[in-house]
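From first to last, the protein sequence lines stand for chains A and B. Using our numbering, the first residue of the first sequence is number 8, and each one after it goes up by one. Using our numbering, the first residue of the second sequence is number 5, and each one after it goes up by one.
It is worth saying that the hints were derived from the structure and are not from the lab. Remember, it's a predicted structure, so these values are computed and weren't measured experimentally. You can take every hint at face value.
Covered by chain A, according to a simulated footprint, are these stretches of chain B (three or more residues, beta-carbon under 8 Å): (1) 16–29; (2) 35–47.
Beyond 10 Å from chain B on every Cβ pair, some chain A residues (computed): (3) T20; (4) W31; (5) A50; (6) V79; (7) A165; (8) L169; (9) S183; (10) S195.
From the three backbone atoms N, C-alpha and C, an ideal C-beta is built for every residue, glycine too.
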Amino acid sequence: MASYWFKFASPVTFYPLAGRLIPWFATGAAVLTLVGLYIGLIAAPTDAQQGDAYRIIFIHVPAAWMSMFLYVVMAGWSAAALGFNTRLSAMMAQAIAPTGAVMTFIALWSGAFWGRPTWGTYWAWDARMTSELILLFLYLGVIALRNAIDDPRRADRACGLLALTGVVNVPIIYFSVHWWNTLHQGSSVSLTKAPAMAAIMLTGMLIMSFAAWFYAIAAILARVRTIMLERERGAGWVATLREVRTA
Amino acid sequence: MSSFFAMNGYGFYVWSAYGVTALALAVELFGLRSRRRAALAEARLADSDAPPVPGAAD
Numbered sequence: 008m009a010s011y012w013f014k015f016a017s018p019v020t021f022y023p024l025a026g027r028l029i030p031w032f033a034t035g036a037a038v039l040t041l042v043g044l045y046i047g048l049i050a051a052p053t054d055a056q057q058g059d060a061y062r063i064i065f066i067h068v069p070a071a072w073m074s075m076f077l078y079v080v081m082a083g084w085s086a087a088a089l090g091f092n093t094r095l096s097a098m099m100a101q102a103i104a105p106t107g108a109v110m111t112f113i114a115l116w117s118g119a120f121w122g123r124p125t126w127g128t129y130w131a132w133d134a135r136m137t138s139e140l141i142l143l144f145l146y147l148g149v150i151a152l153r154n155a156i157d158d159p160r161r162a163d164r165a166c167g168l169l170a171l172t173g174v175v176n177v178p179i180i181y182f183s184v185h186w187w188n189t190l191h192q193g194s195s196v197s198l199t200k201a202p203a204m205a206a207i208m209l210t211g212m213l214i215m216s217f218a219a220w221f222y223a224i225a226a227i228l229a230r231v232r233t234i235m236l237e238r239e240r241g242a243g244w245v246a247t248l249r250e251v252r253t254a
Numbered sequence: 005m006s007s008f009f010a011m012n013g014y015g016f017y018v019w020s021a022y023g024v025t026a027l028a029l030a031v032e033l034f035g036l037r038s039r040r041r042a043a044l045a046e047a048r049l050a051d052s053d054a055p056p057v058p059g060a061a062d
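This is chain A alone, in the form it adopts within the complex (with noise of 0.2 Å):
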């Protein structure tokens, strides 16, 4: 059983593996999204509060949710990487960044689009705000620091050791809104209290974040397969690919 999954962890049988996961991730992607968007910017009512502006929470908790959740999977594969010196591991870290990079970007984003109307400013000093925003910079500055080095497997060891010492900073954005008093709200959604928000509302935050959720697994797929070619660019099981054999 255990050699099934190991089959797995390498980049020959990985590859047409991810070739064939992606379509229906990237299809699952659009679907949702189109759904997301038609509750979060049709169906859902204007909110009594902040009247229309509310509407950028579909794609703001979803994209700051991404945004932590990547960084700690892109940790985990750092860590496994660094553990069992396996290739497919960081090559996952390596794929991972980008795409975080970007939802931490559309986070801190719609965050400031969100917060002119109803705070009155774009940008605060806060906790939760500059935490993510230090997130931005732990992601740039792995993939700076892959760019920087030359040789793949010392990029590995230290990309992976400055993405393990970030890891702390995910708590940190998570519980900012506790710890300190912030200008950002608390949590939207809590698994111990009941929703304060109307069901359709969460309905499309849910939908908009399974969205966001197969758009990452397919765009890091997607970037996987192309690390594995730049990679093992040498190695026969490249050569004999259909894609590489014909132009």
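Put chain B on the given structure of chain A with help from the hints.
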């Protein structure tokens, strides 16, 4: 329809958030496609540099 885009006066904020999100995702997807094309082109070059693999030629 114009009231949909006006968002009761919040149109600038809502569409700035949604528009730039769409742009950011489009940039990522375009970057993914061009990076894959470049990697495939490099792989083809590496393939033609290498000595012929027994059985691979047909």
